[in-house]
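S.K.: For reference, the chains in residue letters:
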Amino acid sequence: MIKFVKKYLIFLVIIICLATIFICTTIGVANISVSQTVNILFNKITSIGNVEGVKESTIAIIWNLRFPRVMLAFLVGGALSICGVAYQGIFKNPMADPFLLGVSSGAALGATIAIVFNISAIFFGLDMITVFAFVSALLTLLLVYNISRIGNKVPVPTLLLSGIAISQFLTAIISLFMIFSDQMNRVVFWTMGSLNAKSWNHLILILPYVIIGFIILFRYHRQMDIMLLGEDTASQLGVNTEKLKLVILVVTAFITAATVSVTGIIGFVGLIIPHIVRMIVGPKHKKLYPYSFVLGGILLIICDTVARSLINQEIPVGIITAIFGGPFFIYLLKKRKRGGI
Amino acid sequence: MNLEVLKTENLVVSYGDKRVLDCLNISIYKGEFVGIIGPNGTGKSTLVKAITNIIDSHSGDIFIEGRENRNISKKERAKLVAVVPQEFSIDYEFTNLDIVMMGRNPHIDKKNKIGQKDFDIVKEAMTLTNTWDFKDRFFNELSGGERQRVIVARAIAQQTHIILLDEPTSHLDIHHQLEVMELIHLLKKKRNITVVAVLHDINMAARFSDRLILINHGKVVADGTPEEVIKEEHLSKLYSMEMIVRENKILGKREIIPLRAIKELTEKKGINIHVVCGGGTGEKILERLKSLGFNVTAGIINEGDSDWEICKILKIPCVVAPPFSGYSNEDADKNRILINQSDYVLVTSVPFGIGNLLNLEVLRNIEKPIYFYQNSKIDIDYAQGKAIKLLDELQKKENFNYIQNYDELLQKL
Chain A
537 MIKFVKKYLI FLVIIICLAT IFICTTIGVA NISVSQTVNI LFNKITSIGN VEGVKESTIA
597 IIWNLRFPRV MLAFLVGGAL SICGVAYQGI FKNPMADPFL LGVSSGAALG ATIAIVFNIS
657 AIFFGLDMIT VFAFVSALLT LLLVYNISRI GNKVPVPTLL LSGIAISQFL TAIISLFMIF
717 SDQMNRVVFW TMGSLNAKSW NHLILILPYV IIGFIILFRY HRQMDIMLLG EDTASQLGVN
777 TEKLKLVILV VTAFITAATV SVTGIIGFVG LIIPHIVRMI VGPKHKKLYP YSFVLGGILL
837 IICDTVARSL INQEIPVGII TAIFGGPFFI YLLKKRKRGG I
Chain B
40 MNLEVLKTEN LVVSYGDKRV LDCLNISIYK GEFVGIIGPN GTGKSTLVKA ITNIIDSHSG
100 DIFIEGRENR NISKKERAKL VAVVPQEFSI DYEFTNLDIV MMGRNPHIDK KNKIGQKDFD
160 IVKEAMTLTN TWDFKDRFFN ELSGGERQRV IVARAIAQQT HIILLDEPTS HLDIHHQLEV
220 MELIHLLKKK RNITVVAVLH DINMAARFSD RLILINHGKV VADGTPEEVI KEEHLSKLYS
280 MEMIVRENKI LGKREIIPLR AIKELTEKKG INIHVVCGGG TGEKILERLK SLGFNVTAGI
340 INEGDSDWEI CKILKIPCVV APPFSGYSNE DADKNRILIN QSDYVLVTSV PFGIGNLLNL
400 EVLRNIEKPI YFYQNSKIDI DYAQGKAIKL LDELQKKENF NYIQNYDELL QKL
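Chain order of the listed sequences is A and B. If you're matching positions, the first sequence starts at 537 in my numbering and goes up one per residue. If you're matching positions, the second sequence starts at 40 in my numbering and goes up one per residue.
Keep in mind that the hints were calculated from the coordinates and are not lab data. Where hints are given, some of them may not hold.
To be verified - Cβ pair distances, simulated, as ranges: (1) A:Ile563 / B:Asp172: 50 to 60 Å; (2) A:Leu868 / B:Gly80: 40 to 50 Å; (3) B:Gly291 / A:Lys779: 42 to 52 Å.
Stated by the list, open to error - Computed list of lysine-lysine pairs in DSBU-like fashion (alpha-carbon distance at most 30 Å, straight line): (4) B:Lys227 / A:Lys822; (5) B:Lys174 / A:Lys822; (6) B:Lys118 / A:Lys689; (7) A:Lys820 / B:Lys149; (8) A:Lys871 / B:Lys174; (9) A:Lys779 / B:Lys258; (10) B:Lys258 / B:Lys227.
The beta-carbon is built from N, C-alpha and C at its ideal position, and this holds for glycine as well.
Take the sequences, apply the hints, and build the full model.
M.R.: Right, dumping it as structure tokens:
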């Protein structure tokens, strides 16, 4: 059985992925059948098939509301997962997630400022909360990187510690803002992360970061494997470790900043998916990256579907991922105490 | 002249204020097996790190195959120098093939693909190190010795001219230590690879190295063949212990026998003792007496006897007779003189035959205290009862004492 799964893993994952996309696009308040969903999506994407007789509103719900949201969830889940893979590799730390170096608190501070000061200009079709969050996240990482730099080297432990310090510092500032503002609710909701009311625009906004980021990360898959043997050994095997660290940090900074600025902070996906995938396909990044992307995408689609359809009111998806992710992660830890995690 | 492949010139490396390498000058030539020895914390491993540019040097230069180290990129350097580190465990489930394939990293070109050629090189390296059989097993499932062989295979796959070993056997049992060292020695011979090995085991270093470099406080103390470097005057002070340096006849190599690091009280200074021994029965006690401060003499011993060698190493004055022959009267006289100069006489559990009976006979007229080591396991008489007879006579003397062990003796003296 296990052998069979491993052999056909790629097909299995693709089938599960497609099924998830179709089923989760179908689930919702308005009653639409799976066949209708498939029909509409197929028609929209390939211009083949017949959607006559299907209500215009149904098509709009599927194509303009649910499908972009599902695809955004896929993209964000995938993006956070590959960043998690990269961070766990570069830091050799199983507890690393994409928000380790303060990108989340940086984004949150930017968003908080935009919310608290009610900056509502529209910038290239984007609201200011997104723009502020993006810029602030990048600035935070730049700050953390520069604080940690000693000469031309950036030691990993220093990077981790300054990331934690800056994170705490920014969180404190966010709290200060919240105390003196009547917008506390909006800030809290933003930080919990949500895919509510997202459109094709948002998807198109983060798509280039994710695609280009993925390509660059994947290019360095072999060096990342060697990095797992330790920085000194990697260096002796011809890996330019400082350059690799810089590339990974810059690329993941852009990916996470882009996704966080659109969706808010969605935790746990970037932490647990790399672990699960590592158990299935092993530690080599050549496989870790693509499988993590797809599985992370699937996970976030499911979590988001639960978030919007569990009860009448929408729950921020960050809460769902944490509620499921936390215990699941503990289960994994208990199950496999030996190396790898 | 041989090609100089690795060289340091006035190399200084410091951690904070502490100079770990202090104007270190070494030259390594092509095809050599150079052992680097020295006490802990003298900068041996730092040297490896400096050569591979993991730590920056404070001043001075390193040249690898004539090129200045700081101008060599990591990738290029990994084509010149491979490292076998001290210990190697990883938390991830890489197969051994994965690990060895990582050795190909510096050779992978812009296309970023592993080709058939890389695979062939890896296979050859793993076959050579006898690790191909477990290529698909996980690295962290292997024993320490097997792991180290995989790492050696990885170094071979790097196809460098120089391999640096940083205490490659320090966590291995003696079998695997030897196995790894033999493997590296074989490689050096087969492929004409230059090997620079930081080793903590002096005997292992002396056995496998063409040349030894002894380092202390970041400086070269001695540099030369094992015979030139393995000398008591170099080593005993450096390692602050008492040791014997001798030829290991079986291997034909220099070796040291570490004796003790904590000094016993030398309260017995000035006491003279003469030891009657032979056939290796004196080995144990001669050194101990000497280190306690006794003025030790011995005799009569045949040349070539292992007790004779000990006396030679410890510079104990003794009366020596030619190999495989009885003692002449002249020898006996010399022996009597030595005995008369001493305060005590010790007879070890040496068996007596026709040849050395004189050693027992001489004691008949000696009035000094005589201590006779009694060992019931050994038949002492090989002289048709003559030795027993002599012993019976000696027993009656007031100055004659039996002892059961040497601690008893040392208490009495």
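S.K.: All the hints need checking, so say for each whether the structure fits it.
M.R.: Hints and how they fare:
1. A:Ile563 and B:Asp172 have their C-beta atoms about 53 Å apart, which keeps the hinted 50 to 60 Å range intact.
2. About 42 Å separates the C-beta atoms of A:Leu868 and B:Gly80, a value consistent with the hinted range of 40 to 50 Å.
3. For B:Gly291 and A:Lys779, the hinted distance range of 42 to 52 Å is satisfied, since their beta carbons lie about 50 Å from each other.
4. Taken as a hint, the B:Lys227 and A:Lys822 pair is broken in the structure, with Cα atoms around 35 Å apart against an allowance of 30 Å.
5. As the CA atoms of B:Lys174 and A:Lys822 are separated by approximately 19 Å, the hinted pair is consistent with the 30 Å bound.
6. Restraint check for B:Lys118 and A:Lys689: satisfied, since their Cα atoms lie roughly 23 Å apart, inside the 30 Å limit.
7. Distance hint between A:Lys820 and B:Lys149 is fulfilled; the C-alpha atoms sit about 20 Å from each other, no more than 30 Å.
8. Pair hint A:Lys871 plus B:Lys174 holds up; C-alpha atoms about 27 Å apart against a cutoff of 30 Å.
9. The suggested pairing of A:Lys779 with B:Lys258 is violated, with an alpha-carbon distance near 34 Å, which exceeds 30 Å.
10. Straight-line distance between C-alpha atoms of B:Lys258 and B:Lys227 comes to about 27 Å, which keeps the hinted pair within the 30 Å bound.
Hint violations for this structure: numbers 4, 9, all remaining hints satisfied.
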